[in-house]
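Those protein sequence lines, which keep their order, are chains H and D. Take 1 as the starting number for the first sequence in this note's numbering and just add one per residue. Take 1 as the starting number for the second sequence in this note's numbering and just add one per residue.
For the record, the hints were derived by calculation from the structure and aren't laboratory data. No residue lacks a Cβ here, since even glycine has one placed at the ideal position from N, Cα and C. A few of these clues could be false.
[Claimed, not checked] Here are the in silico distance ranges between beta carbons for each label pair: (1) 1/D / 55/H: 24 to 32 Å; (2) 31/H / 57/D: 32 to 40 Å; (3) 68/H / 47/D: 39 to 47 Å; (4) 56/D / 170/H: 36 to 44 Å; (5) 35/D / 108/H: 18 to 26 Å; (6) 35/D / 19/H: 44 to 52 Å; (7) 113/H / 25/D: 27 to 35 Å; (8) 108/H / 48/D: 44 to 52 Å; (9) 151/H / 35/D: 19 to 27 Å.
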Amino acid sequence: MKTAVVTFPGSNCDRDMWTALRDVSGRDPLKLWHGDVELPEGLEFIALPGGFSYGDYLRSGAMAANSPIMRSIVAAANRGVPILGVCNGFQVLTEAGLLPGALMRNAGQTFICRTVALKVENTQTMFTSSYAADEEIHIPVAHHDGNYFADEDTLDRLEGEGRIAFRYTEGCNGSRRDIAGIINAAGNVLGMMPHPERAVEDDHGGCDGRRLFESALAELV
Amino acid sequence: MKIRIHVSLKPGVLDPQGRAVHHSLEGLGFAGVDDVRIGRLIELDVADSTSDAALNDMCEKLLANTVIENYRIEKVAA
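This is chain D alone, in the form it adopts within the complex:
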């Protein structure tokens, strides 16, 4: 089973990297970009029997730092 874990900074947490990229986009002349937030995509290939609870546990214990990050688990159709 293919899993995608989308890790993003929580709202309200400053994203200096996103801000720098935002400035660069503006510098390239792209108008109308209101905000840029940079996150991380983690792809897992796991046994079909892997439970949702186990996937959540992976995110809570290692893949995301829930002090500053949110995560979303997406199951990808094979």
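Chain H extracted, bound-state conformation:
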């Protein structure tokens, strides 16, 4: 199984993501750089990690969304390659147009860094099939710009199509309808603010994130 983690200048969760993917897949993920134009052949899973790509200049994720590698990643997403964007990776996916909506400054203006409770809203996605319906899981968040915004029509469409993967069980950052993670229409792109890669070992204080990787990678075997 060929997985990869993209590093942008300012990414800081790429190593954690790499380790989580290696532990679950049993193989070393490839390391990709934002300046790479071509993706390696046969990639089966691509992760966009958290961090502060390009120093969050202009808007979080805006510069990274236009970096050289993203053209290939958009093409890969449109071919059906599974893509996971966490935190800054989620911001990049919305800025790149792979997911609807935008991530704004937290409503409370503060950086939020704590473990939050999430409800798994849809267990029929390739990223969530190992969770139980309506299961409550605990995953850390660490962000300043996690306040999910989309217009009402878009939110209704996301709800209607089962594209809300995770919801905060109680208000976290001001996100519309407490949305913590969404998938694209085809179901192969997931963006989420909480960090599943920070909850894959007992030493992390919880392993609830591990099953996300197990779900996604099991589909590929």
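Chain H is already provided as a structure; the job is to place chain D on it using the hints.
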């Protein structure tokens, strides 16, 4: 040619930063401030031949996120 791009949050999009500044203004005793919205001003120096279409394209593709922001292009007299 000098260009100013005014980027502002769309009406209806909550602006927590603006709200916090509003509260601070009230705390300083300034009465009669009904609302505060914070945007961004981007100044460009471009070739005179730059078309309006190209300027719009810059805004649509990078300078503004039209999911949450409006933009206005102002040509500044030299």
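Structure-based check of all given hints:
Distance hint check for residue 1/D and residue 55/H: the Cβ-Cβ separation is about 28 Å, which falls inside the suggested range of 24 to 32 Å. Between residue 31/H and residue 57/D, the C-beta spacing of about 33 Å keeps the proposed range 32 to 40 Å intact. For residue 68/H and residue 47/D, the hinted distance range of 39 to 47 Å is not satisfied, since their beta carbons lie about 25 Å from each other. A C-beta distance of roughly 42 Å is found between residue 56/D and residue 170/H, which places it inside the suggested range of 36 to 44 Å.
The supplied range of 18 to 26 Å is met by residue 35/D and residue 108/H, whose beta-carbon atoms lie about 19 Å from each other. For residue 35/D paired with residue 19/H, a C-beta distance near 47 Å keeps the hint of 44 to 52 Å intact. The hint said 27 to 35 Å for the Cβ distance between residue 113/H and residue 25/D, and at roughly 29 Å that hint holds. At roughly 46 Å, the beta-carbon separation of residue 108/H and residue 48/D lies within the given 44 to 52 Å, and the hint holds.
In this structure, residue 151/H and residue 35/D meet the distance hint of 19 to 27 Å, their C-beta atoms being roughly 21 Å apart.
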